[in-house]
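Visitor: Here is what each chain is made of, one letter per residue.
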Amino acid sequence: MNARYRQSIQTLAISMMIAFSIPACRMYEWRDEPNIRPVVAEGRDAAVENLTSIWDDDRTIACRALGQLAATALERGDVGESRHIANILMAHFEHEASHQVRSVILALALRDIGQDNDTVKTFLLARLAADQLPAAAAYTLAVLRPPGTFEAIHAAVLRSEPERRYELLQAMWLLGDPRAVPVFRDQLRTIDRDWPSHIHNMDKHQYRKVLLARQQSLRRE
Amino acid sequence: MCFRCFGSALLWVLLLAASGCTALATPNYLPPVGEPQAHAYILEESATGPIVVLFPGRSAPTNDPNLGILRTAEVLADRIAGSIAVFNVHAYDAAHEWLQRQSELRRESGAPRRLALVGHSWGAGAAGRLLEQGFADDLIDEVTTLVTIDGIEEGYLWVFFGHMPSVFSLEILFPHRLCVLSLTEAPTPDGQRFREHINYYQIDSPHLSGYIIPTATQNHEVWFDCGSELGHGNLDNYICYLVVEDVLRAQEAK
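Line by line, the protein sequences give chains A and B.
Residue numbers for the first sequence follow the numbering used here, so the first one is 1 and each next one is one higher.
Residue numbers for the second sequence follow the numbering used here, so the first one is 1 and each next one is one higher.
Careful, some of the hints might be misleading.
Partial pick of chain A residues on the chain B-facing surface, computed with a CB cut under 10 Å [claimed, not checked]:
id : residue
1  : 33
2  : 34
3  : 36
4  : 40
5  : 48
6  : 68
7  : 107
8  : 112
9  : 139
10 : 170
11 : 213
None of these hints come from the bench; they were simulated from the model.
From the three backbone atoms N, C-alpha and C, an ideal C-beta is built for every residue, glycine too.
Start from the sequences and build out the full structure, keeping to the hints where you can.
Guide: Here it is as structure tokens:
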């Protein structure tokens, strides 16, 4: 093998190594979808098996895949399968350690399959009452709108620290109940006196502006 | 051709294919209504009612069932009688063409040309661009709301090199596309023709923070402070119902 031939082979090999290493970077902007698709394709049992993974990301993806499988089952009218998956997700929530996975279950998976499932709604109300990821539970409840949602969010607002209160007020805004009007008024009245200087990296001027804007677009009837 | 030339050529072909530079292959035609495709999905069309255009992040196919913005569009389509479509940022020209078509339909029927825009990440830049071009080309009378989610405004070069994992993306080599993706051209709300800009940003994923700011610059100040935004790619799904309500209430306020 002459030197020139060997050099060309080396160049080609290095080029290919670089080119093939690029897809290893996550090209999908931190989005989980490309990782969810193969799990969905493998079906429910494979996704349930992934719930036992030691990696948070695997369990997160499994929960999102299960949510999608349940939603697909609902679309084709298979209510039994949807409810079965919802039960799996709720059971997993109870002993899941990761904040991220629990958040996905409450804020995404159950939101998309809980519309006609009273068990899911009761579960979410219980999570909110128990202060277990109350903001995520409140947002999903504001979408599913079971009876008692406003009262549950209001009670959580009253007992929560400002940072969480801020999130719950947004969920209350999403719910669109006119009874939120005096709640917002009261909370805004106390901002200068009782609320901290920063919430989620926003200073008081900024988060007051957010809540004021939300107050202006509250549903009043 | 010697092996070295062949190797270099192959490298560039593979780079183009693998780097996320999907624009070269992104079609720009308008698909039929109700037929989801990877570059565009027109959910409904009407000669009256609001026009809603949504742009997901740059790498998100518009027919992905997990796409938060697609869910937002579907919920909006259930609640609004008008024209609603989702476009990939690389299919910006198709979005512009579609907006022209909707504008013409309303001009013929005498209906107001009210536009709502939603954009996530790089899609926020495309939304801002369409807003500006819509006014410049006299395609719209009013923008009721511009909702951006982790919008990119200033400092996208820094975002690329400092934070994005896909630093090899060849999009950086196409300056005209960076113009499309820049939000700096979007005007600030005047409360009349362009009524409001709502930007959501994410600091940590369990929280669902909505933060109304005039531009998206501050978003990236936070981004730089924190070094990363957990869940950035999925934020549009977390907040999809908030965005739906933002669009709906902006319509109702008129």
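Visitor: Which of the listed hints are not met by the structure?
Guide: 5
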